[in-house]
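Residues per chain are reported as follows:
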Amino acid sequence: MSDNAFPDALPPQYGLHWYVLERVLGQGGFGITYLARDTNLDQPVAIKEYLPVEVATRRPDATVTSRTDEHDERYRWGLERFIREARTLARFDHPNIVRVHSVFELNNTAYMVMRFEEGETLAALLERRHALGEADLMRVLLPILDGLELVHNAGFIHRDIKPDNIHIRSDGTPVLLDFGSARHSLGHSRTVTILVAPGYAPFEQYYSSGENQGPWTDIYSLGATCYRAIAGRAPLDAIARSKGILGSTQEILVPATAVGSARYSDRLLKALDHALSFAEKDRPQSIAEWRKELAGGKPAPAPAKPAPVIPVSTVSSSRIAPMVWGGVGAAIVIGALAALPWLVPGKPQPVAQAEPAPAPSQAEVLRRMMADEQQKFAEERKRMEEAARELQSERRRLEEERAKPAPSAKPRSEPPPRIARATPIPEPAAPKAAEVTPLPLPAPTPQSAPPPAARAPGPAELLASAERAQARGDYGEAATTFKALAENGSPRAMVRLGDLYLVGQGVERSDELALRMFRGAYEKGDSEAQQRLGDMYAKGRGVPQNNFHAYAWYSAAVLSGNAAAKGEQERIGATLQTVEVEQARKLGERYARAAKER
Amino acid sequence: MRRFALCLLSAALVVGCATDDQKRNAINDVNSEFRVQYERILAELGTRVYRTNLDDAFPALRSALGRVGMRVGDQSPRMGYLSVVGPAPAPLTDAEWRSAAERDLPKLREIATQHVGVLGRFVSFEPEGLEVIINATALEVRNGVEISLTARMREIAPPKSGMPRREYLPPSAVRMGLEKIWNEFERELRSARTL
Numbered sequence: 001m002s003d004n005a006f007p008d009a010l011p012p013q014y015g016l017h018w019y020v021l022e023r024v025l026g027q028g029g030f031g032i033t034y035l036a037r038d039t040n041l042d043q044p045v046a047i048k049e050y051l052p053v054e055v056a057t058r059r060p061d062a063t064v065t066s067r068t069d070e071h072d073e074r075y076r077w078g079l080e081r082f083i084r085e086a087r088t089l090a091r092f093d094h095p096n097i098v099r100v101h102s103v104f105e106l107n108n109t110a111y112m113v114m115r116f117e118e119g120e121t122l123a124a125l126l127e128r129r130h131a132l133g134e135a136d137l138m139r140v141l142l143p144i145l146d147g148l149e150l151v152h153n154a155g156f157i158h159r160d161i162k163p164d165n166i167h168i169r170s171d172g173t174p175v176l177l178d179f180g181s182a183r184h185s186l187g188h189s190r191t192v193t194i195l196v197a198p199g200y201a202p203f204e205q206y207y208s209s210g211e212n213q214g215p216w217t218d219i220y221s222l223g224a225t226c227y228r229a230i231a232g233r234a235p236l237d238a239i240a241r242s243k244g245i246l247g248s249t250q251e252i253l254v255p256a257t258a259v260g261s262a263r264y265s266d267r268l269l270k271a272l273d274h275a276l277s278f279a280e281k282d283r284p285q286s287i288a289e290w291r292k293e294l295a296g297g298k299p300a301p302a303p304a305k306p307a308p309v310i311p312v313s314t315v316s317s318s319r320i321a322p323m324v325w326g327g328v329g330a331a332i333v334i335g336a337l338a339a340l341p342w343l344v345p346g347k348p349q350p351v352a353q354a355e356p357a358p359a360p361s362q363a364e365v366l367r368r369m370m371a372d373e374q375q376k377f378a379e380e381r382k383r384m385e386e387a388a389r390e391l392q393s394e395r396r397r398l399e400e401e402r403a404k405p406a407p408s409a410k411p412r413s414e415p416p417p418r419i420a421r422a423t424p425i426p427e428p429a430a431p432k433a434a435e436v437t438p439l440p441l442p443a444p445t446p447q448s449a450p451p452p453a454a455r456a457p458g459p460a461e462l463l464a465s466a467e468r469a470q471a472r473g474d475y476g477e478a479a480t481t482f483k484a485l486a487e488n489g490s491p492r493a494m495v496r497l498g499d500l501y502l503v504g505q506g507v508e509r510s511d512e513l514a515l516r517m518f519r520g521a522y523e524k525g526d527s528e529a530q531q532r533l534g535d536m537y538a539k540g541r542g543v544p545q546n547n548f549h550a551y552a553w554y555s556a557a558v559l560s561g562n563a564a565a566k567g568e569q570e571r572i573g574a575t576l577q578t579v580e581v582e583q584a585r586k587l588g589e590r591y592a593r594a595a596k597e598r
Numbered sequence: 001m002r003r004f005a006l007c008l009l010s011a012a013l014v015v016g017c018a019t020d021d022q023k024r025n026a027i028n029d030v031n032s033e034f035r036v037q038y039e040r041i042l043a044e045l046g047t048r049v050y051r052t053n054l055d056d057a058f059p060a061l062r063s064a065l066g067r068v069g070m071r072v073g074d075q076s077p078r079m080g081y082l083s084v085v086g087p088a089p090a091p092l093t094d095a096e097w098r099s100a101a102e103r104d105l106p107k108l109r110e111i112a113t114q115h116v117g118v119l120g121r122f123v124s125f126e127p128e129g130l131e132v133i134i135n136a137t138a139l140e141v142r143n144g145v146e147i148s149l150t151a152r153m154r155e156i157a158p159p160k161s162g163m164p165r166r167e168y169l170p171p172s173a174v175r176m177g178l179e180k181i182w183n184e185f186e187r188e189l190r191s192a193r194t195l
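The listed protein sequences correspond, in order, to chains A and B.
Under our numbering, the first residue of the first sequence carries the number 1, and numbering increases by one thereafter.
Under our numbering, the first residue of the second sequence carries the number 1, and numbering increases by one thereafter.
Read the hints as simulated data drawn from the structure, not as lab findings.
Distance windows between CB atoms, simulated:
{"#": "1", "chain 1": "B", "residue 1": "R142", "chain 2": "A", "residue 2": "E582", "range": "14 to 22 Å"}
{"#": "2", "chain 1": "A", "residue 1": "R267", "chain 2": "B", "residue 2": "E110", "range": "27 to 35 Å"}
{"#": "3", "chain 1": "B", "residue 1": "N183", "chain 2": "A", "residue 2": "R233", "range": "31 to 39 Å"}
{"#": "4", "chain 1": "A", "residue 1": "K539", "chain 2": "B", "residue 2": "K107", "range": "34 to 42 Å"}
{"#": "5", "chain 1": "A", "residue 1": "A262", "chain 2": "B", "residue 2": "W182", "range": "36 to 44 Å"}
{"#": "6", "chain 1": "A", "residue 1": "A90", "chain 2": "B", "residue 2": "E110", "range": "57 to 65 Å"}
{"#": "7", "chain 1": "B", "residue 1": "E110", "chain 2": "A", "residue 2": "G504", "range": "52 to 60 Å"}
{"#": "8", "chain 1": "A", "residue 1": "S261", "chain 2": "B", "residue 2": "R40", "range": "21 to 29 Å"}
{"#": "9", "chain 1": "B", "residue 1": "P59", "chain 2": "A", "residue 2": "E582", "range": "22 to 30 Å"}
{"#": "10", "chain 1": "B", "residue 1": "P77", "chain 2": "A", "residue 2": "A262", "range": "47 to 55 Å"}
{"#": "11", "chain 1": "B", "residue 1": "R98", "chain 2": "A", "residue 2": "A135", "range": "42 to 50 Å"}
{"#": "12", "chain 1": "B", "residue 1": "R71", "chain 2": "A", "residue 2": "E508", "range": "28 to 36 Å"}
Here are the simulated EDC-like cross-link-like pairs (lysine to aspartate or glutamate), alpha carbons at most 20 Å apart as the crow flies:
{"#": "13", "chain 1": "A", "residue 1": "K524", "chain 2": "A", "residue 2": "D535"}
{"#": "14", "chain 1": "A", "residue 1": "K539", "chain 2": "B", "residue 2": "D74"}
{"#": "15", "chain 1": "B", "residue 1": "K180", "chain 2": "B", "residue 2": "E102"}
{"#": "16", "chain 1": "A", "residue 1": "K270", "chain 2": "B", "residue 2": "D21"}
{"#": "17", "chain 1": "A", "residue 1": "K586", "chain 2": "B", "residue 2": "E146"}
The C-beta atom is built at its ideal place from N, Cα and C for all residues, glycine as well.
Could you put the whole structure together from the sequences, leaning on the hints where they help?
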């Protein structure tokens with residue numbers, strides 16, 4: 001809206017039927033949520049717009065369109081799911097489940113209209129209070145269990161429970177937001193860590209396409225959310241846990257019974273540890289079973305009408321501005337907005353089935369994961385070899401063409417001038433000249449140019465074409481074009497080329513060159529490059545591993561409007577001292593400001 | 001023989017009768033206590049603003065940290081970021097470390113004793129097996145350059161599975177280390193006649 005932090009958002013006062021937008025409540029990788037006014041009923045509502053930024057973009061006429069033809073199918077599929085799940089959600093009339101009023105299609109996308117409620121997310125509450133006492137925690141947990149049981153019994157699972165997706169109303173009652181299976185619409189194109197919430201997602205969500213997921217998946221996430229509320233930090237991520245179990249690291253999850261000892265009842269802590277069991281078969285298999293443990297064998301108190309509980313502080317208007325996610329007036333959908341969610345998998349998943357399919361053992365799961373990795377590696381290698389062959393033949397062809405004498409009558413015989421470089425790439429030198437096969441880029445259309453249909457493709461088209469080539473596995477072609485565009489100063493091409501250097505697709509693998517590309521794109525103010533630099537520091541690729549520096553880069557990316565970096569920022573932040581987080585955040589501000597100044 | 005560091009790793013504990021749970025609880029409590037004090041000390045001594053510019057402040061910072069025995073691990077001079085690492089007791093000398101340890105030992109033993117009983121009386125601070133990492137930032141502000149320092153410990157060998165990491169330095173060592181670094185930094189700035 002008017003806020004530069006949300007460049008893709010619709011402007012204030014924009015009308016969607018009888019709803020008038022007021023401001024953005026938040027944006028994630030899958031959509032934007034607005035505070036709006038229903039002018040018929042004269043009341044505020046929250047409206048979530050489907051806009052998965054990875055595959056779609058906003059056009060000047062406000063419509064949303066897929067980025068390329070290749071993205072169209074995924075965009076359409078996601079859109080359908082969005083609508084279908086809004087309809088499903090609308091069926092649930094429960095005080096602790098987000099209330100959906102309506103869904104409609106407009107601007108080539110869809111909008112979900114939800115009840116707007118004052119309050120804040122559990123994440124924000126925990127940020128302020130660090131931890132919750134047992135009584136407060138149970139006042140959040142039990143009503144959520146009640147709502148979730150309804151969802152499970154209807155055959156759905158949430159898939160994305162975390163503190164960001166639990167909203168605490170002004171009267172202290174909780175409501176579960178953002179049913180997150182929308183993420184499936186983007187399928188495997190994104191890294192898994194973006195699709196799941198590190199620390200809150202169980203292991204099966206990292207590797208399985210859905211067949212091993214069930215109520216026990218949500219129970220793990222709820223257990224992890226409670227762990228955060230008692231320990232002051234999210235539990236160790238499932239991937240890190242798997243490494244500890246395999247013995248490649250010595251990290252294991254410190255049990256709730258250890259971190260909460262003497263502050264919480266043994267009954268609660270044991271129930272949390274049970275919920276956080278690594279293997280899905282070891283966890284409670286249903287909400288009813290887990291509730292029984294929480295209540296110590298006694299029937300749990302009926303949670304349908306919980307006592308007003310945690311006092312949610314009224315945030316003064318002066319605090320609202322810096323709180324991107326909302327503060328007072330935070331809509332029911334604040335927070336992860338990202339996950340336009342939805343309830344479930346491609347096929348409806350019977351949740352309360354009497355005999356769930358037998359879950360594989362932990363060792364079997366890990367073996368399966370390693371076998372998958374090996375297979376992917378073999379396929380990748382094959383693709384790389386093919387790409388290298390194609391690249392070689394393309395180079396030969398170009399050399400032959402260049403060697404031919406140019407017939408003077410044909411304008412095409414002269415190599416078209418390259419597009420002038422707007423600004424030279426500063427520090428991050430482009431790859432060595434010998435490695436670059438610059439693609440002749442088109443000159444601005446001269447007066448005598450052929451009709452539009454015959455014109456040479458512009459940089460944007462070349463970029464899109466290279467991205468299509470990358471998507472279909474023609475890495476050699478993609479790399480050649482990205483290199484040429486990067487040489488001419490395209491930050492996006494630099495990022496894409498950096499990605500190829502990271503995995504060695506179409507080019508020889510080189511962390512150093514990847515780093516140069518990302519730095520080059522950063523110098524041009526690209527927020528995706530800032531996220532990549534965070535990744536490089538987090539993983540120690542091309543640079544010494546440094547979580548502090550990674551956090552600074554992720555912060556810069558988030559400040560530059562890259563909401564997708566937020567998850568990684570939070571994950572890395574959990575490994576830092578509070579004072580380090582503050583210090584790194586300031587450094588991130590410096591990075592973001594410097595990029596904007598350029 | 002001096003082994004491992006901080007708290008709870010005295011031979012008595014490792015070999016003794018304390019259970020893993022007791023040791024874990026003791027380390028957690030020591031971490032909590034040291035964290036509180038560390039944050040208090042940083043609020044007082046962790047950040048300073050100098051009337052200078054980044055071009056002068058950054059080299060001075062790097063030299064100052066080098067003088068106290070730290071080596072550069074990562075840096076971005078243009079942006080004002082510097083990460084240095086050194087084997088404990090750096091940035092302190094052996095004598096300074098012993099002096100700091102003596103001051104903090106009673107508190108450490110008091111906490112340890114609550115969890116492991118009489119064994120807690122034998123724990124000690126030892127610097128071996130530890131590295132100290134300092135993150136320094138130099139950010140331009142309206143009236144000069146704001147320098148911030150944070151510090152953490154890192155165990156060279158990974159901790160025993162399930163054991164919390166010990167990341168907070170003894171409070172007296174933090175205070176002493178910061179004062180030492182600021183003194184060196186100011187000396188560097190003075191020598192460049194920019195203070």
